[in-house]
Amino acid sequence: MTTPAATGHRPGRRTAARRENVTGLAMALPITLIVIAVIVVPIVWTVILSFQDARYSDVARNGLGNPFTLDNYIDAIVSPGFWKSIWTTVVYTIGTTLGSVVVGLAAALALRDKFRGRGVVRALMLLPYVAPVVAAAYVWTVMLNPQYGIINAIGKEFLGWETAVNFTGAAPQALLTVIVFEIWRYFPFAFMFLAAALTGLNRELEEVALVDGATPWQSFRHVVLPQLMPVVALLTLLRLVMTFNKFDDIYLLTGGAAGTQVAAVRVYDQLVGSGDIGAASANAVILAVILGIGLGVYLRLTRTKESRA
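Quick note on numbering: the sequence shown equals residues 20 to 328 in the numbering used here.
Hints may contain errors.
What the hints assert, rightly or not - The following label-pair restraints were derived from C-beta to C-beta distances: (1) Met46 to Ile113: 24 to 30 Å; (2) Ser293 to Ala215: 19 to 25 Å; (3) Ala215 to Thr182: 20 to 26 Å; (4) Arg32 to Asp72: 56 to 62 Å; (5) Met162 to Val54: 27 to 33 Å; (6) Asn221 to Ser98: 50 to 56 Å; (7) Val109 to Val41: 31 to 37 Å.
Hints listed in this document are in silico derivations from the structure and should not be mistaken for laboratory results.
Treat the numbers as computed from the prediction; the structure is a model and nothing was measured.
Using N, Cα and C, we set each Cβ at its ideal position, and we do this for glycine too.
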């Protein structure tokens, strides 16, 4: 006969372990329920609605009981407007991400060395990021107005513009305007990341490079930039995710007109304009899949470069 002592398992120890498991599950249960309610349920509901021909009245009347169909996905894929919005989103995302990172890096390098008033300059540089987006967009709209905006007044007076430029109401300058606005709004975000990273770099290597005859550009390219690349990669990834689903800045400036209808604005127009919840959900799911594929490719490329380094 095999006894508990012979098998190495004591009843008291098993009971204590079971109690610890129950306690752990009880502590994890609230956060699990919150995650399910806040994240899992909306995602699952969006996926289900994307397979239904559903509008506001249908959802209120039938709930999730509408028949399933692939029409929403077929309509989205064959729609030229959908692919145009995807292309606009890609151009907007890449342009704003690269622009904000480059401007943020330039600002971080410019304010790297101590000088009188550096703290004030840094604080002022953060204003675009902390200012309410509604107020910032309104100021830009007034400044760029073709009739009374200060930018057109300066252009006519000093730059020789014969006619006023409609920055937010005509293509292609409208898309360029929203890209510049996004860069202006979020380069402080990149600046904070990169300024913190620069403070941790060993400056002796740069001094040695300069003593050896390297120019400031060569010192930056071969000494500073390689050390910043992990931070730049993480920052680029964050900005790509944040910008790909951007809605408020573009909608406040142009309303999605003049070639600025990115995918998020298109989803909003489908929801509010036509009340087509099924089509909007299908567009949202396709966007999520595209974003997931893009992130997967980006992470794979990043890991490949890190493994080679």
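We went through each hint and held it up to the structure:
1. Met46 to Ile113: 24 to 30 Å: 43 Å, violated
2. Ser293 to Ala215: 19 to 25 Å: Because 46 Å falls outside the window, the suggested range is violated.
3. Ala215 to Thr182: 20 to 26 Å: With Cβ atoms ~46 Å apart, the hint is violated.
4. Arg32 to Asp72: 56 to 62 Å: With Cβ atoms ~59 Å apart, the hint holds.
5. Met162 to Val54: 27 to 33 Å: 43 Å, violated
6. Asn221 to Ser98: 50 to 56 Å: 54 Å, holds
7. Val109 to Val41: 31 to 37 Å: 50 Å, violated
The structure shown violates the earlier hints numbered 1, 2, 3, 5, 7.
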